[in-house]
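J.: Read off the chains here:
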Amino acid sequence: MGNQNPLAYDYTVAKWFLWATIAFGIIGMTVGVFIAFQMAFPELNYLFGEYGTFSRLRPLHTNGVAFGFTMSGIFATWYYVGQRVLKVSMAESSFLMAVGKLHFIVYVLTILLAVVTLLSGITTSKEYAELEWPLDLMVTLFWVLWGVSIFGLIGIRRERTLYISIWYYIAAFLAVAMLHVFNNMEVPTYFVAGVGDWYHSVSLYAGTNDALVQWWYGHNAVAFVFTTPIVAMIYYFLPKESGQAVYSYKLSLLSFWGLMFVYLWAGGHHLIYSTVPDWMQTMGSVFSIVLILPSWGSAINMLLTMKGEWEQLQSNPLIKFMVLGSTFYMLSTLEGPIQAIKSVNALAHFTDWIPGHVHDGTLGWVGFMIIAAMYHMTPRLFKKELYSKKLMETQFWLQTMGIVLYFSSMWIAGITQGMMWRATDEFGNLSYSFIDTVTVLHPYYTIRAIGGALYLIGIFIWAYNIYKTMKSGRELEDAEVNVNKSPMAENR
Amino acid sequence: MKNIIIVSVVVSLVLIGIIYSYVGNIIGDDMVNILSMLAAILILGITVGVGVKYVNQMKNDTASGELADENWDGIGEYKNDLPIGWAVVFLGTIVWAIWYWFAGYPLWAYSQIGEWNEEVATHQEKFEEKWSNISEEDLSRMGEAFFSVNCAPCHGVQGDGMDGKAADLTKRLDASAVEYAIRNGSDNHLVSEYMSMPAGLLWNAVEIKQVSNYVASGFTGIGKDVYEANCASCHGMDGMGIPGVGANIRTFTPDLIKAVLDNGKKGAIGSMPSFKGRFTDTQEKAVSLYIEKLRKGEL
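Here the protein sequences come in this chain order: A and B.
Quick note: the first sequence uses our numbering, first residue 75, plus one each step.
Quick note: the second sequence uses our numbering, first residue 365, plus one each step.
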């Protein structure tokens with residue numbers, strides 16, 4: 075099909091965010107692999123003094139991959155997909171262009187400061203919301219700028235109806251804005267009470283309330299950073315790359331509103347069997363189960379879009395990334411809800427089954443989708459042919475193997491650990507001490523780290539492939555760019 | 365890509381197999397374990413099963429339907445109906461949710477603490493029934509297992525109190541404990557509160573030292589006179605106690621252990637918390653025997 079009347083889309087900001095995606099991906103995942111090895115070999119904690127300890131590096135890993143890698147990927151695709159499905163170029167509005175550039179500058183500055191402060195041990199100690207109040211204000215600023223960009227571009231659009239991807243970007247924008255503001259209600263201690271450093275703060279909420287707000291935030295950060303914007307990506311890049319029409323408009327509509335209504339309730343499942351009121355735990359648990367279907371709806375819609383396209387799946391590595399990505403999306407959105415059932419949570423909570431679940435989603439779904447999206451965008455952004463198809467294939471299989479090692483080791487470790495913690499002798503006394511479980515888990519921690527390392531190698535291949543494309547990829551004519559299948563060097 | 369189905373089925377089976385090889389012997393009849401194992405199988409089974417269905421459609425089906433009028437950057441949309449299986453299961457989960465909230469575990473009535481209390485009561489009852497005719501040998505093993513989980517964290521695996529972290533249970537009392545009781549009084553709640561030992565029955569430091577050493581060293585040494593003149597009237601000449609009057613301060617008795625577990629204990633080292641209601645009578649009997657054996661050095 076292709077674009078009948080190509081506009082001169084301006085991809086400046088998209089390019090910037092593409093580089094940020096690659097850079098933060100490398101940083102965040104390298105740290106991740108390192109701390110995975112620390113779990114197996116604790117001596118690695120002592121290599122770099124206080125800066126090399128697990129406790130310093132873990133927030134760097136989570137923030138690096140979630141708010142560095144993933145968010146850059148979201149923004150990069152927004153500045154690409156947004157223009158194309160709204161049929162309007164950034165170049166048409168110098169205001170939106172300036173907003174986009176400022177958005178990038180404030181964002182990168184925030185993330186770099188996040189790296190520095192987290193390494194220095196400056197943290198609010200709320201998981202995934204570790205950044206202190208000055209940085210939270212910067213996050214708010216770049217988020218508002220993104221909002222201006224979204225609604226500004228929508229305001230001057232030529233395409234009357236908003237495409238599905240746009241709904242999901244808007245959902246991500248609105249929900250994260252609300253989550254960020256409410257979970258980061260902080261009291262700067264120095265300015266309020268003259269206590270502590272000027273950048274230090276404490277939460278406005280206390281005790282159980284703080285935990286509730288924290289996990290309402292924590293879980294929905296997964297929803298609106300790792301889910302909705304990634305769904306936005308697959309709804310654009312899979313039909314685009316394959317040239318297939320989306321299977322069902324109705325299914326996309328029902329899945330979208332189902333997800334919107336149900337997701338915000340589910341955070342309570344992080345606090346099952348805690349001091350949170352029973353009815354809220356029940357809501358969290360039950361809505362998690364209902365959530366399976368709206369999640370699967372999008373994945374099924376994408377898989378059915380590929381009906382009869384087996385040939386493409388075999389020959390195009392980008393399609394492989396996206397189809398396996400939606401399958402991992404199904405796996406993790408079935409796994410999470412089942413772990414949220416109270417009786418299963420009684421075993422799964424606090425075990426390695428949970429990081430296993432998280433990485434099914436982040437490595438298999440988020441990572442694969444962003445990798446594919448960047449690969450798809452690169453030839454269009456730089457008018458160059460992708461440097462090597464073989465490297466893409468190698469990367470795909472290495473990373474798939476990495477994910478399989480990661481999730482199977484964490485399943486084995488988690489379920490074994492959970493059952494050992496519960497095991498009792500014939501008299502009802504606990505059979506194992508904590509160290510017994512650690513001994514059993516050690517080989518699986520090693521396997522997990524190796525799985526992570528394979529995935530990281532894939533990330534380096536990806537970065538190299540895109541770098542080589544920019545440097546020495548074959549120049550493309552306009553006609554070669556405006557096709558569905560991404561142009562790639564078939565023999566290299 | 366062709367063999368992806370076979371590979372994922374094999375990987376899933378191997379995975380479940382490895383997990384089972386670890387936990388097969390500890391799953392037991394614990395519902396949480398059984399449900400979790402079932403959960404693992406369901407997650408893999410459903411995902412792989414549904415995945416296979418769609419892979420087959422990619423291989424054998426063709427895209428069809430009426431296209432919508434809109435088109436975004438070349439992307440079209442079919443006006444296909446919802447996949448029926450998806451819609452039915454979605455409705456099913458909604459019906460289940462309504463059942464859960466209003467009938468199964470009503471939002472206004474279900475309480476996790478209530479559930480826990482009921483489960484514990486049922487378990488304790490079964491436990492007492494199962495061990496109602498417990499043999500000496502089982503009682504001894506039960507005591508050891510009980511001690512290592514519930515007592516050893518403070519009193520040490522050997523029961524020696526880990527260098528003063530907690531009371532040394534390899535002897536009934538050490539000298540500092542006796543001295544503390546004489547100076548501060550002592551109440552094990554074994555006698556009525558008017559009969560409990562008041563502070564200051566002895567005031568001479570030398571005498572206190574002597575009698576403390578006498579009791580702590582197993583009723584030998586120079587404090588014998590002081591003991592017999594001041595302590596024996598309640599605790600007995602041999603220190604074995606007088607029911608309703610004074611505690612046994614020579615050996616551990618089941619009464620004493622139960623009283624300390626119920627009420628906790630404040631002594632020279634610090635405080636032990638109360639464990640009231642946590643254990644059954646059989647468990648308390650078992651651990652009493654075990655602690656007395658520790659004292660006698662029979663282990």
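Hint data in this document are derived by calculation from the structure and do not stem from the laboratory.
Be aware that a few hints might be false.
Said to hold, decoys possible - As a list, the in silico DSS-like pairs of lysine-lysine whose alpha-carbon atoms are at most 30 Å apart: (1) A:K324 x B:K490; (2) A:K416 x B:K443; (3) A:K542 x A:K464; (4) A:K381 x B:K417; (5) B:K443 x A:K381.
J.: Taking each numbered hint in turn, which are not upheld by the structure, reported in ascending numerical order?
T.: As far as the earlier hints go, 1, 2 are violated by this structure, in ascending order.
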